[in-house]
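Number of protein chains: 2
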Amino acid sequence: MLECIFYFHPTDPELPVSELKNDRFLRALMREPVDMTPVWMMRQAGRYLPEYRATREKAGSFLDLCKNPDLACEVTLQPLKRFPLDAAILFSDILTIPDAMGLGLYFGEGEGPKFERPVRSKADVDAIGVPDPEGELAYVMNAVRVIRRELHGEVPLIGFSGSPWTLATYMVEGGSTKNFALSKGMMFDQPALMHALLEKLADSVTSYLNAQIAAGAQAVMIFDTWGGVLTPRDYRDFSLSYMSRIIDGLTRENDGRKVPVILFSKGGALWLEQMADSGADALGLDWTIDIGDARKRVGDRVALQGNMDPCILYSSPERIRQEVAGILDSFGEGPGHVFNLGHGIHPEIPPEHAAAFIEAVHDLSRR
Amino acid sequence: MLECIFYFHPTDPELPVSELKNDRFLRALMREPVDMTPVWMMRQAGRYLPEYRATREKAGSFLDLCKNPDLACEVTLQPLKRFPLDAAILFSDILTIPDAMGLGLYFGEGEGPKFERPVRSKADVDAIGVPDPEGELAYVMNAVRVIRRELHGEVPLIGFSGSPWTLATYMVEGGSTKNFALSKGMMFDQPALMHALLEKLADSVTSYLNAQIAAGAQAVMIFDTWGGVLTPRDYRDFSLSYMSRIIDGLTRENDGRKVPVILFSKGGALWLEQMADSGADALGLDWTIDIGDARKRVGDRVALQGNMDPCILYSSPERIRQEVAGILDSFGEGPGHVFNLGHGIHPEIPPEHAAAFIEAVHDLSRR
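In order, the protein sequences belong to chains A and B. The numbers in numbering that gives the first Met the number 0 rise by one with no breaks, and the one at position 82 of the first sequence is 81. The numbers in numbering that gives the first Met the number 0 rise by one with no breaks, and the one at position 88 of the second sequence is 87.
Please keep in mind that the hints were generated in silico from the structure rather than gathered at the bench. It is possible that some hints are incorrect.
Identical copies look the same in the list; a pair holds intra-copy or inter-copy alike.
[Said to hold, decoys possible] Derived pair list, reagent style DSBU-like, types lysine-lysine, alpha-carbon separation capped at 30 Å:
| id | residue 1 | residue 2 |
| --- | --- | --- |
| 1 | 177 | 57 |
| 2 | 66 | 177 |
| 3 | 295 | 265 |
| 4 | 113 | 177 |
| 5 | 265 | 177 |
Construct the entire structure; sequences and hints are all you get.
Structure, rendered in structure tokens:
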């Protein structure tokens, strides 16, 4: 377990970064042999943990929490103090980039994210610049540096970004949406304008992830939350192509190791073959596909991360263990599996159920 | 165009049912040759039409509208007076069965459907009976009879039901849900109880659809709105198997013709092969799969219904026409295509765009 002391000097580059003590997450992503299947959970730093809720309370708003590197580090490390997780993931929001572009991100009471200034016209797109990761987004890089130091090399740190298409939907709609009327409207009626927006976003995400890597992120994940609402053609042209371009533009090294890239399109199980050609090292899977079938489809090209239905965590520890066994069995022998949920852990899950899940993965997969 | 006069005697069985003047929808579902590709729209009787909003206003609540056969007929026929659609679909709600089971369906102001008495325990499941389609649900059968008569044989009438799994989610959750915590919780922790509920629902849906067929429905569609939130294993065991059982139990004849069954699992494109083995004549597709690829996968076994992204209807008539052309082209030559949207038409769509869509399908597919 981590002994976490919150003394740090976020901007001092001289402090040493510890050797990595547990690298099975990075090894599995590179399809190298591991002693047991590594496991982490999307949203592992989140509302299901009472200590997270306490820090969130202390921080003020959700955005205040994201923008305070010390508190972001605190919540990032909380699940690692409870559970023997094999990776930490930067605590942040997927909408930091559009916020840094000046769109005015805010969270209304009991509502999802909103933007004061949505992007609807050519003038709006023209006005957007690529944010400086060490300028407007320095709080993210500072959080990465603080977390890396405070991890003391226990486990690797995952950096992340939303995908260009996912960011564009929020920017055009001005917030969450069920119908995607405005964002798909722009895509269908003004494809050149949507492409111009996506190009700026791809450049921004590339520079943002490269800065996270430079600051210490040892793997990066691209969250394409809304790729799955597209037709196969539009997914390829408006989401996947920009993610491939980002992957091509990444500096893939940190501390002398390759920095693996994980690509996760929610609802993307139909398109695994194309995703496997994106240059990503691993694909995130939701639970709508059997992981053994997914493996048959992508072969040796990529590792797979997933894919337990997060609702299983409402069940008893015995039922959770049974489900873990089934997924391990379906993946089968050989390298290239990072265990995860198929989506973020729900806020109502008892932490003991998360503990049972993580224990079951390690227990049942030990070689 | 229909000349629709609202004089009817809903319970008089002696009134003659006209010969069917346009049967290309039924022929396409049976994979027989047609002069042009038939088209209809999910939710074609709905809020995008000002005349629907006027009738809805007159009716009182949404449920009052569903439960009044004359007004249900009126809104069912409204889109047919505007557009040369190839099928009518009964105006009703998917939750009529649980309502008839005594769960107390209501719609809060600006909210989705809710149940006063959700189903959570063995006692709750035991208390449920199979509703009498000509008893508590007689208003639905009366609506079918009225609509059949008022259609004057212009186009066939589609009856429908929600799938057992879809109905069960609402019944257990007590309304709409994002997380499916309670319904999946029951499925994972008390599978026998969930199966008992699904068996009662399968019996109820079978008797409900058979009664719709007896009352005049010339095709039936099963809406599995929430099958796509399941793992492949759970989809097979908790959704598809009950839909297959329903299809086996249907009386598949009306006016000397076979009554085709359409199966639509939203998000089910991964499972088309299994769905094609269900006994259904046609599968509904959402837009996440290329219809040509879907056709390759199911071969000659079933017809396909779909699958334009409903968001295309926000675009210009030219763009709509271009998309229709692409889908027709992808489906290719030969029988077995019913054109539709991949989901219900959105309330904000201008009716002229729906007109352009329907015209494009007929125009571009004329043999």
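Worksheet item: Which numbered hints turn out to be false for this structure?
Response: Violated hints: none; all satisfied.
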